[in-house]
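Protein chains: 2
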Amino acid sequence: MNKTIVLDKRPIGKPKMSDFKITDQEMPKERAGELLLKTTYISVDPYLRGRMSDAKSYIDPFKLNEPISSGIVAEVISATNDLYSKGDFVSGMLEWKEYQTANANAVYKVDGEKAPLSAYLGILGMTGLTAYLGLHQIGAPKKGETLVVSGAAGAVGSVVGQIGKILGLRVVGIAGTDEKVAMLKEDFGFDEGINYNTTENMAKAIAAACPKGVDIYFDNVGGEISDGVIVNINKFARMVICGAISLYNETQMPVGPRVQPFLVKNSALMQGFIVSNYADKFPEAIAQLASWLGEGKLTYKETIVDGFENTPQAFMDLFVGRNKGKMIVKV
Amino acid sequence: MNKTIVLDKRPIGKPKMSDFKITDQEMPKERAGELLLKTTYISVDPYLRGRMSDAKSYIDPFKLNEPISSGIVAEVISATNDLYSKGDFVSGMLEWKEYQTANANAVYKVDGEKAPLSAYLGILGMTGLTAYLGLHQIGAPKKGETLVVSGAAGAVGSVVGQIGKILGLRVVGIAGTDEKVAMLKEDFGFDEGINYNTTENMAKAIAAACPKGVDIYFDNVGGEISDGVIVNINKFARMVICGAISLYNETQMPVGPRVQPFLVKNSALMQGFIVSNYADKFPEAIAQLASWLGEGKLTYKETIVDGFENTPQAFMDLFVGRNKGKMIVKV
Numbered sequence: 062m063n064k065t066i067v068l069d070k071r072p073i074g075k076p077k078m079s080d081f082k083i084t085d086q087e088m089p090k091e092r093a094g095e096l097l098l099k100t101t102y103i104s105v106d107p108y109l110r111g112r113m114s115d116a117k118s119y120i121d122p123f124k125l126n127e128p129i130s131s132g133i134v135a136e137v138i139s140a141t142n143d144l145y146s147k148g149d150f151v152s153g154m155l156e157w158k159e160y161q162t163a164n165a166n167a168v169y170k171v172d173g174e175k176a177p178l179s180a181y182l183g184i185l186g187m188t189g190l191t192a193y194l195g196l197h198q199i200g201a202p203k204k205g206e207t208l209v210v211s212g213a214a215g216a217v218g219s220v221v222g223q224i225g226k227i228l229g230l231r232v233v234g235i236a237g238t239d240e241k242v243a244m245l246k247e248d249f250g251f252d253e254g255i256n257y258n259t260t261e262n263m264a265k266a267i268a269a270a271c272p273k274g275v276d277i278y279f280d281n282v283g284g285e286i287s288d289g290v291i292v293n294i295n296k297f298a299r300m301v302i303c304g305a306i307s308l309y310n311e312t313q314m315p316v317g318p319r320v321q322p323f324l325v326k327n328s329a330l331m332q333g334f335i336v337s338n339y340a341d342k343f344p345e346a347i348a349q350l351a352s353w354l355g356e357g358k359l360t361y362k363e364t365i366v367d368g369f370e371n372t373p374q375a376f377m378d379l380f381v382g383r384n385k386g387k388m389i390v391k392v
Numbered sequence: 062m063n064k065t066i067v068l069d070k071r072p073i074g075k076p077k078m079s080d081f082k083i084t085d086q087e088m089p090k091e092r093a094g095e096l097l098l099k100t101t102y103i104s105v106d107p108y109l110r111g112r113m114s115d116a117k118s119y120i121d122p123f124k125l126n127e128p129i130s131s132g133i134v135a136e137v138i139s140a141t142n143d144l145y146s147k148g149d150f151v152s153g154m155l156e157w158k159e160y161q162t163a164n165a166n167a168v169y170k171v172d173g174e175k176a177p178l179s180a181y182l183g184i185l186g187m188t189g190l191t192a193y194l195g196l197h198q199i200g201a202p203k204k205g206e207t208l209v210v211s212g213a214a215g216a217v218g219s220v221v222g223q224i225g226k227i228l229g230l231r232v233v234g235i236a237g238t239d240e241k242v243a244m245l246k247e248d249f250g251f252d253e254g255i256n257y258n259t260t261e262n263m264a265k266a267i268a269a270a271c272p273k274g275v276d277i278y279f280d281n282v283g284g285e286i287s288d289g290v291i292v293n294i295n296k297f298a299r300m301v302i303c304g305a306i307s308l309y310n311e312t313q314m315p316v317g318p319r320v321q322p323f324l325v326k327n328s329a330l331m332q333g334f335i336v337s338n339y340a341d342k343f344p345e346a347i348a349q350l351a352s353w354l355g356e357g358k359l360t361y362k363e364t365i366v367d368g369f370e371n372t373p374q375a376f377m378d379l380f381v382g383r384n385k386g387k388m389i390v391k392v
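Heads up: the protein sequence lines correspond to chains A and B, in order.
Under the numbering used here, the first residue of the first sequence carries the number 62, and numbering increases by one thereafter.
Under the numbering used here, the first residue of the second sequence carries the number 62, and numbering increases by one thereafter.
Possibly wrong hints are sitting among the right ones.
Note that the list lumps identical chains together, so a pair holds whenever it fits in one copy or between two copies.
Calculated cross-link-like contacts (lysine to aspartate or glutamate; reagent style EDC-like; alpha-carbon spacing at most 20 angstroms) [said to hold, decoys possible]:
| # | residue 1 | residue 2 |
| --- | --- | --- |
| 1 | K82 | E156 |
| 2 | K326 | D115 |
| 3 | K204 | E136 |
| 4 | K296 | D341 |
| 5 | K326 | E345 |
| 6 | K273 | D121 |
| 7 | K326 | D121 |
| 8 | K296 | D115 |
| 9 | K326 | E311 |
Derived from the structure by calculation, the hints contain no laboratory data.
Construct the complete structure from the given sequences, taking the supplied hints into account.
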């Protein structure tokens with residue numbers, strides 16, 4: 062049969078295994094113009110938490126008892142479309158199923174010779190695009206400026222920091238273990254790293270790591286970590302609010318220091334970033350990322366979890382930072 | 062002698078009369094190229110509170126035992142500069158003194174025939190510029206959008222709302238008394254007004270007044286009023302953070318709901334606005350404001366307090382909303 066993961070209950074707070082259900086569905090059959098696909102890699106991402114709630118947002122909520130979807134790389138099993146052949150690999154927003162059919166124009170071909178297939182879910186996929194476009198479109202980086210990245214060891218953060226270094230910025234990353242902090246400096250070339258779990262005063266730690274203040278803050282986490290950054294921003298600072306993973310599982314409206322006085326004092330900007338708003342810039346961004354990757358200027362980490370049925374657990378592990386770099390399930 | 066108001070103590074929380082001192086200083090004498098000026102009108106503005114604290118900000122703090130300065134209109138008593146004559150009026154950032162000298166290039170001539178002299182401290186001065194440039198440069202208004210203004214009956218807010226109507230927006234204002242709310246609609250042409258002091262649930266009141274959601278929020282107050290606005294913003298909303306009068310007298314870091322999740326969900330922008338960053342756009346803005354004023358499309362209110370020695374009280378009255386429109390002291 063065809064294993065499928067559906068949303069069984071809307072999570073309250075932290076998602077639990079019992080919020081998901083693995084069901085057996087019938088094998089699908091492709092219609093004219095469709096592809097029959099076998100899932101190879103599944104991307105799990107923090108933003109999916111938002112879609113599990115029934116709240117108005119930039120993207121529709123998942124429906125109960127229906128499959129969850131995310132970025133997926135799949136193999137073409139059979140194709141009734143001239144542009145695709147059996148054995149091709151494609152990527153797109155697909156469902157958490159072992160097998161599924163898809164319209165040919167809902168996916169795009171990916172080339173396993175040019176880069177590992179999983180990279181199309183990470184550095185050459187949505188996470189790479191998010192890092193590149195968020196930093197450029199809102200962060201507006203200028204050589205010599207200081208960039209702080211939260212969630213720096215994560216899929217997006219680690220790419221943001223590396224791009225920052227390519228562009229000639231001072232780059233400071235915040236992560237949750239000493240091992241990750243070491244990785245930021247050794248593997249990704251960050252100038253400084255801060256372990257928020259062992260740092261008593263984030264504001265002072267940021268000040269020490271950023272002697273010229275903070276010009277750009279690429280924020281993946283929100284919450285108290287960000288409170289320590291904002292007190293150190295420079296005039297005309299830009300804060301890219303890309304995610305708020307520390308707040309996604311809150312059941313009450315999270316409170317913290319008000320940001321408005323810091324924004325006024327510094328003529329600073331804070332802007333929410335959603336990669337899909339910048340679709341017209343995807344080709345240019347992917348070309349640049351692929352070129353840097355080919356030149357060895359960019360590197361990436363993946364945490365690959367084996368087994369389709371472990372997808373919910375891999376997703377939940379994101380919220381305790383069990384991943385280094387992009388979290389991917391291999392089916 | 063020459064009465065002068067100096068900062069005697071840095072206010073803690075709400076400024077008190079005892080934070081100021083009126084002293085008698087010697088009559089100044091102009092040097093070559095300088096003007097001897099007699100103060101006519103003094104502008105008191107909420108942002109001056111920030112300069113009374115000894116904190117890093119976009120403008121240097123006032124020094125203790127030295128005169129406070131703000132926007133002032135003054136009469137030229139004698140001039141050693143060919144471009145000015147006795148009897149001319151000038152405006153500039155000057156000190157709270159009855160008489161002072163100033164470099165001729167630190168002030169500019171104002172014409173009492175074209176508009177009342179006090180208008181050069183309001184609608185044709187910094188408050189008009191703040192309203193016009195804040196709304197255009199950050200708010201980026203488009204016809205048919207919904208604009209919410211806090212501190213709407215104040216000097217800046219009342220102009221923002223009127224410009225919004227000229228540009229074809231739906232305009233909703235928030236103020237603190239029924240009288241002010243009536244004024245918003247009757248005198249300034251706002252579509253709706255909300256009295257925050259008699260409204261139990263700001264979020265619901267904003268939702269009711271903005272059936273299509275909020276596209277632009279011009280924020281002069283910060284705090285709980287703004288909390289009710291942000292839950293109603295639309296995708297791509299722009300929030301002009303122009304001031305946070307409700308927070309200026311706080312002695313502890315004010316806390317409130319975190320804004321980051323709202324920014325991410327709506328790809329929304331929040332940016333601190335300081336008019337002096339846009340000095341290159343002043344001539345164009347003043348020309349447009351003067352033209353609208355001449356055509357009768359803009360109107361303004363002033364609260365004029367008599368007597369130089371009442372300047373500190375007029376300033377303090379801003380924080381309890383005792384002004385309608387621009388607060389000005391007539392010397």
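Now for the hints, and whether the structure bears them out:
In this homomeric assembly, K82 and E156 come within 20 angstroms of each other (Cα to Cα) only inside a single copy, at 14 angstroms, whereas the closest approach across copies is 72 angstroms. In this assembly of identical chains, K326 and D115 lie within 20 angstroms of each other by CA distance solely across copies; the values are 13 angstroms between and 37 angstroms within a copy. Taking CA atoms no more than 20 angstroms apart as the test, K204 paired with E136 passes in neither setting, with 42 angstroms inside one copy and 48 angstroms between copies. Proximity of K296 and D341 under a CA criterion of 20 angstroms is satisfied inter-copy only: 18 angstroms between copies versus 31 angstroms inside one chain copy.
For the homomeric pair K326 and E345, neither the shortest alpha-carbon distance inside one copy (36 angstroms) nor that between copies (25 angstroms) is at most 20 angstroms. Proximity of K273 to D121 under the C-alpha cut-off of 20 angstroms is restricted to the inter-copy arrangement: shortest distance 19 angstroms between copies versus 42 angstroms within a copy. With identical chains, the CA atoms of K326 and D121 are at most 20 angstroms apart between copies only, with a shortest distance of 11 angstroms across copies and 37 angstroms within one. With identical chains, the CA atoms of K296 and D115 are at most 20 angstroms apart between copies only, with a shortest distance of 17 angstroms across copies and 38 angstroms within one.
In this assembly of identical chains, the alpha carbons of K326 and E311 lie at most 20 angstroms apart only when taken from different copies (15 angstroms versus 30 angstroms within one copy).
The structure does not agree with the numbered hints 3 and 5 stated previously, though it agrees with the rest.
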